[in-house]
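Undergrad: Based on these hints, arrange chain G on the given structure of chain H.
In order, the protein sequence lines correspond to chains H and G.
All the letters of the first sequence, read from the start, carry residue numbers 2 to 185 under our numbering.
All the letters of the second sequence, read from the start, carry residue numbers 5 to 111 under our numbering.
It cannot be assumed that every hint is accurate.
[What the hints assert, rightly or not] Here are the simulated DMTMM-like cross-link-like pairs (lysine to aspartate or glutamate), alpha carbons at most 25 Å apart as the crow flies: (1) G:K63 x H:E62; (2) H:K22 x G:E110; (3) H:K133 x H:D32; (4) G:K95 x G:E35; (5) G:K86 x H:E47; (6) H:K133 x H:E47; (7) G:K63 x G:E35; (8) G:K95 x H:E47; (9) G:K21 x G:E110; (10) H:K65 x H:E15; (11) H:K5 x G:E99; (12) H:K103 x H:E92; (13) G:K95 x H:D89; (14) G:K98 x H:E148; (15) H:K157 x G:E99; (16) H:K122 x G:E61; (17) H:K122 x H:D100; (18) H:K94 x G:D47; (19) H:K71 x H:D41; (20) G:K98 x H:D41; (21) H:K147 x H:E92.
[Unchecked claim] Stretch by stretch, here's where chain G covers chain H in the computed footprint (C-beta under 8 Å, at least three residues): (22) 7-19; (23) 60-68.
[What the hints assert, rightly or not] Now the in silico label distances, taken between C-beta atoms and shown as ranges: (24) G:L42 x H:Y10: 17 to 25 Å; (25) H:R88 x G:G43: 30 to 38 Å; (26) G:E35 x H:V27: 20 to 28 Å; (27) G:C85 x H:I111: 37 to 45 Å; (28) H:D141 x G:V100: 38 to 46 Å; (29) G:V62 x H:S138: 28 to 36 Å; (30) H:K37 x G:K63: 43 to 51 Å; (31) G:E48 x H:K103: 28 to 36 Å; (32) G:N41 x H:L35: 45 to 53 Å; (33) G:E35 x H:E15: 23 to 31 Å; (34) G:K57 x H:K37: 31 to 39 Å.
Simulated from the structure, these hints should not be mistaken for laboratory data.
All figures in this text were calculated on a predicted structure; none of them were measured in a lab.
Ideal Cβ placement from N, Cα and C applies to all residues, glycine included.
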Amino acid sequence: MSQKIKSFYHSAKELLPFLEKSTNFVTINTDQSLDKTMEDVYDQVEPTIIHIRPGATQATETLKREITEKLSKDHGFMDLDIGSLIRDENERKTQIGRDMLKMVQSNKVIPASMIVRMLKKIIYNGQPLCNKFILSSFPDMIEQAKEFENSCSRIKAIIYSSGGSDTIEIKNNNLSLHNLDSLF
Amino acid sequence: MFMLGPHASGKSHIGSKLAERTNMNMINFIEFVSSNNLGDADDETVTTALISKLSKEVKPRVILENFPQNIYQAKFFLRNCKQPSNVFSLKCSKEVCQERMTILGEG
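Here chain H stands alone, though its shape is the one from the complex:
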């Protein structure tokens, strides 16, 4: 066996049991595929993100607002309103704020990658203290959902109005790589 591998196992005898007792310790099996390994790692670090779809009627829109308020006030979720966040970045003249302003000034749509870059900064800089978020105005299109899940975090659940009725349903999300509205 390689000397480097031997050396790790020698020091690990004492070190790993100590860390297991005194820290937030998790063992990840890396014999499996890289995709599965990364999923196991992301499970440990990704925040809880709930996407609330726009309401189909006035009543569901009201319900959506009530749910957002309840999640924020009673359960500590932070509502990430994209419009306000972009305005905020712009006012603070951050790099991403300036990049977005350039896009708007040249009459271009702000690309999903730029919005996700902004969200990533906000979502992960407060970790692990703030780890529950609501996305209410983003993603709106499948490309945006893909970009968000591929580059930032998986969406744990989607709350949406069901059909023509004035009710809201919750779906565990394992299928956001499809057109979002077509699911409902």
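TA: For chain G alone, kept in the frame of chain H given last:
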């Protein structure tokens, strides 16, 4: 965040993907020791130097690869710095590690 595991278990690859996704910086402790000529220094000295570097980091969250190397460094770090948010111990069979090292030309 600490990232530990035997050689060729995937620390660098997994760490860099995680750092990119979560807006974190990554520091390889072995490279840090070598680039600061701390190869002969004791555990307390190298850990103090690392803590000092962390205090100057612009990004508040950092992945430390290959740290701690032993229980003394771990204890000293926990006493004098923040508790890590996560400690990942990468578990990889000796055969797979050896195979990866051969592929990398390190066998």
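Undergrad: Hint by hint, say whether it matches the structure.
TA: Verification of the supplied hints:
Among the hinted pairs, G:K63 with H:E62 is inconsistent with the structure: their alpha-carbon atoms are about 38 Å apart, more than 25 Å. At most 25 Å may separate the alpha-carbon atoms for a hinted pair to count; H:K22 and G:E110 exceed this at roughly 34 Å. A threshold of 25 Å between alpha carbons decides the hint, and for H:K133 with H:D32 the separation of about 31 Å lies outside it, so the pair is violated. At most 25 Å may separate the alpha-carbon atoms for a hinted pair to count; G:K95 and G:E35 meet this at roughly 22 Å.
Restraint check for G:K86 and H:E47: satisfied, since their Cα atoms lie roughly 20 Å apart, inside the 25 Å limit. A threshold of 25 Å between alpha carbons decides the hint, and for H:K133 with H:E47 the separation of about 10 Å falls inside it, so the pair holds. Restraint check: the Cα-Cα separation between G:K63 and G:E35 comes to about 19 Å, which is no more than 25 Å; the hinted pair holds. Between G:K95 and H:E47 the alpha-carbon distance is near 21 Å, which keeps this suggested pair within the 25 Å criterion.
Of the supplied pair hints, the one linking G:K21 and G:E110 holds, its CA atoms being roughly 23 Å apart against a limit of 25 Å. With a C-alpha separation of about 52 Å, the suggested pair H:K65 and H:E15 falls outside the 25 Å cut-off, and the hint is violated. Taken as a hint, the H:K5 and G:E99 pair is honoured in the structure, with Cα atoms around 14 Å apart against an allowance of 25 Å. This hinted pair checks out: H:K103 and H:E92 have alpha carbons roughly 14 Å apart, not beyond 25 Å.
Taking the CA atoms of G:K95 and H:D89, the gap is near 43 Å; set against the 25 Å cutoff, the hint is violated. For a cut-off of 25 Å, the pair hint linking G:K98 to H:E148 is broken: about 36 Å separates their Cα positions. With a CA separation close to 36 Å, the supplied pair H:K157 and G:E99 exceeds the 25 Å bound. For the given pair, H:K122 sits about 16 Å from G:E61 by alpha-carbon distance, which is consistent with the 25 Å threshold.
Restraint check for H:K122 and H:D100: satisfied, since their Cα atoms lie roughly 15 Å apart, inside the 25 Å limit. A C-alpha spacing of about 43 Å is found between H:K94 and G:D47, which places the hinted pair above 25 Å, so the restraint is violated. For a cut-off of 25 Å, the pair hint linking H:K71 to H:D41 is broken: about 30 Å separates their Cα positions. For a cut-off of 25 Å, the pair hint linking G:K98 to H:D41 stands: about 21 Å separates their Cα positions.
The suggested pairing of H:K147 with H:E92 is violated, with an alpha-carbon distance near 28 Å, which exceeds 25 Å. Look at the stretch 7-19 of chain H against chain G: 8 of its residues bring a Cβ nearer than 8 Å to a Cβ of that chain, three or more, so the hint holds. Against chain G, the stretch 60-68 of chain H contributes 0 residues with a C-beta closer than 8 Å to a partner C-beta. That does not satisfy the three-residue criterion, and the hint is violated. The supplied range of 17 to 25 Å is met by G:L42 and H:Y10, whose beta-carbon atoms lie about 24 Å from each other.
Restraint check, H:R88 to G:G43: a C-beta distance of roughly 51 Å breaks the suggested window 30 to 38 Å. The beta-carbon spacing between G:E35 and H:V27, approximately 24 Å, falls within the hinted interval of 20 to 28 Å. Checked against the hint of 37 to 45 Å, the pair G:C85 and H:I111 passes, with Cβ atoms roughly 39 Å apart. Between H:D141 and G:V100 the Cβ separation comes to about 43 Å, which falls inside the hinted range of 38 to 46 Å.
For the pair G:V62 and H:S138, the beta carbons lie near 30 Å from each other, so the given range of 28 to 36 Å is met. Checked against the given bound of 43 to 51 Å, the beta carbons of H:K37 and G:K63, roughly 28 Å apart, lie outside it. One distance hint, 28 to 36 Å for the beta-carbon pair G:E48 and H:K103, is violated here, with the actual separation near 49 Å. At about 35 Å, the CB distance of G:N41 to H:L35 disagrees with the hint of 45 to 53 Å.
Between G:E35 and H:E15 the beta carbon distance is about 24 Å. The supplied range of 23 to 31 Å therefore holds. About 33 Å separates the C-beta atoms of G:K57 and H:K37, a value consistent with the hinted range of 31 to 39 Å.
Violation of the numbered hints given earlier is confined to hints 1, 2, 3, 10, 13, 14, 15, 18, 19, 21, 23, 25, 30, 31, 32; the remaining hints are satisfied by the structure.
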